[in-house]
Amino acid sequence: MLEHVLNGLYYGSILFMIASGMTIIFGVLGILNLAHGELYALGAFSAFSIIGFVAGQVAAPTGPVTAIVFGVVVLAGSLATAAVLLPVGGALEAAFIRPIYDRDEVYQLLLTYGLLLVLTDVMKFVWGPSPVDLGVFGGINEIPTTELVGIDYPSYNVFVILIGIAVFAWLVWFFDRTKTGRIVRATAINREMSTAIGISTDRMFTLVFAIGAFFAGFGGAMVSIGPGSASLGMGLDWLVLSFVVIVIGGLGSLNGAFVGSMLVGVSSRVVTPYYPQLELAVPFLLMVLVLLLKPEGLYGAWGEIQ
Amino acid sequence: MSAPGSDDRRDPSSPLLEVSNLSATVEGFEVTHGLDLEVNEGEAVALVGRNGAGKTSTFRSIMGLTPVANGSIRLHGEELLDMRPELIPKRGIGYQPESRDLFTGMTVEENFRLPIWTAGEARGVEDEDALVEEIFELFDELEDRRDAEVQNLSGGQGKMTAIGRALALQPDLLILDEPLEGLAPVVVENVKSYIHEIIDRDISVLIAESNASHVPEIVDRMYVIERGEIVDSGDPEALSSDEEIQMLMQGGGE
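So the sequence lines, in the order shown, correspond to chains A and B. Our numbering numbers the first residue of the first sequence as 1 and each following residue consecutively. Our numbering numbers the first residue of the second sequence as 1 and each following residue consecutively.
Each hint can be trusted.
These stretches of chain B come out as covered by chain A in the derived footprint (C-beta under 8 Å, 3 or more residues):
hint, segment
1, 55-67
2, 88-95
3, 114-120
FYI, nobody ran anything at the bench for these hints, they're computed from the structure. Computed from a prediction, not measured in an experiment: that's the story for all the values here. Glycine included, C-beta positions come from ideal geometry on N, C-alpha and C.
In isolation and in its complexed conformation, chain B is listed as follows (with noise of 0.2 Å):
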């Protein structure tokens, strides 16, 4: 898939996302140990590994939720470790957490409006309702539970509207952490073919995935991530399928 390239900003020679070094800590201890990670414009990247291995680390460094003991993350070539962490979902990155930290007591609506409110300037957005309508219409399910609080919707429905808050940045990198996890195997498909969508829609990537089966539908490369280090990477397809990849992801027995 190929850059948009309509962005003056944007330089086609460095990638979209670059983190290099990476080696972040959670209370003191280091859980990711010189990680390097890249994703180049309108590129959709799994970052594959067992529970425990960093993928979510990683992801919260990025953020800027979880200390950064070495290393650089430069988004548009700008490094983020210097910034105030606030600042980096305005500079278009969009967040879906694993465990998805919607906004209760908040309707589906609200939550998809409140990026807007706090970053929606800085994100270009020039008329919030029709941004909003945009995210409806791509989680068309939503649609009806747009006035229910947060708390009362299913899994799927949780994790789209998670998905479609992250959205509401108008990211330039949509950062997914374990879309899939724990949803009945129908509504994995369905999320699958939002996600087919998003990056249809020329948003770059970056998702997290404990399950390497799901992977080669949905990204053009990936990362194998094992005790805080990235082991292998490459084609999805051949990867999912080397013997050893596959030991690797059943050898913890989730």
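Only chain A is shown next, with the shape it has when bound in the complex (with noise of 0.2 Å):
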């Protein structure tokens, strides 16, 4: 049962990593980004490529000690993909979106779907049809953790839980601390009004997608190292499922989307070895189940008085 707990928080903190983004974009620019799974998955290949190189560049771990280096470079080799994201996050908002702010939701859904069949194609076109994989994986898991407590289980999956945890911390330090965070939060409170105290809402726009993509890409590059691959289909499922943590959560609230991010990869998580058949079902259940008692998700986003 813990194992199946923890392969939750596991799942979760990925979710975590790609429904956060989409729902700050929500938040603040008011758009739902269609394309942001495929951000994911370009970080996931994006990741096979950087983290390739740069753990090529030491040696495969023989014991603890080599193992916690290597694990600092597959870390710090992640980080590097994640900044890759951030000017294609950055340059996908100022050339396509920032049109089209005044135009009706269909068309932003239109031009964000296309976006999604563009990156598509050009994943396909730089790393091929077929899935690729790190082989990192065996690595990380050299690195001791829960043996430490008498538990069996992969060094890597609680790495990504902490990541998870460590991200969702940061981002709310970063809107509840920060003068730019407050900033970001002031424009998706009320537009008009930040323009009329000098906030350029364009700019905050644009790195507020930016801030998305890079960590969509950071969770696709956790995903590359793990036991999974990268594949041209991975960002599609992966946008269904941050569609329903942000229903869940709230559409725009950061806890939410932690929130509901849990709670879909627990449950999930937790019925699927025992009713293998309601795998799928899992996440759409409990949206409903949400939907029913709080119709308008968990949290409320920035600004709205609950």
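Both chains are sitting in their own frames, so use the hints and assemble them into the complex.
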């Protein structure tokens, strides 16, 4: 049972890295970014190339100490991968999304869906149609973690859970404590009034989109490092799940995205081993339940008074 | 009231704000028709008219929030219409919108600090904390509420926070859209005294009012706006007691 819960938290952490960006982009820009799953996939493919390169610079781990070095190198590689997504996200926003803020939502959905198709083709062009696997998973697991407390659970999963929590903590700190974070929140709360106190909303939108892309890319890198592989269809599955998460958590809410991710992650991983036929249905059942009890989602967006 | 005249940028011969021939549009409909309006350095001016007469649209056009089909809006002689709207507060206009539009979920103090973070450099703010304290000293009854989230404020405190947030830009011109509307009579007197204090600090003020009776106590000059046009202007004492103007103000039956 503990293993299933940990698996759920692991799964939820990766989901959060995608859903957090999607919900923040929705909260600030008012755009449901259907291409967000592709940014995550792009992170997974880029991680294959970037981490593959940096991990090749160090020897494969032979013991706990070299494994820690190896782990740090892989983490640096994931951050570098995510950093690649910053300019990609910023450029996509500035070039394609900015011109249609004033248009109807239908145009925005069509445009981001178009971006989804284009990004998929770009990845197919660069990395080919078959899934690619990084194969550094074993090395990371040489680092002892759970064995220290007498449980046998992959260290890699433990790291991803810790990273998921750290990402959440960083985002909360950024939006609650930093000047830039609070300026972004002001933009989300009232776009016109933000302009009237001198905030360049265009700049904030680009920043938010870039941050969202960064964490989606980071999530992608986590999957690439893990037992999974980078594949062309991966973005779509997670896009749908992220959508479920942000509906459960409340559109535009960061706390909601975290709680929603963990709820979806844990419930699906705990139920699936016992009722495998429910695997796909669990997140949606959870969503239906939340919508029945609290149609606006568990949490409110910034500035919404609860 | 005379201009401070200490700032080299300022041309004493041209008004601080000069709106001419303004035709603002809302959803394609023209809501002001060739409107002219001026505010001089250090002057307090009121724009008085019924609800729907075009006061808010005029203010929103000045802030670059409502599209303008025709006309010109100049601040210190510089045209604002060609400017990106976020630069207008940085040029020196602080704006309190009618609906207050505070940043909910944030504290009173955060609402005061945000404009300094975004425009403080452009406005020459040297000491952020000192400016924030200065605003709390002016609105002394907000002092105890500085860490309260703004959605928990009373109506009067909310208005004060919105005015204080505009003051955090160290504005040359403060635009107040119905600062007294919807407040209890005793609070109205409070807010009036705060506005007096602001005017005494040589900040030019442009106020929209739908109730002409408050106006003579506050401003030096007033304009009467009706159906998007200025129909009269001059001494507030004389105008607000003018029978025709009183008829006009009551005509709509607010």
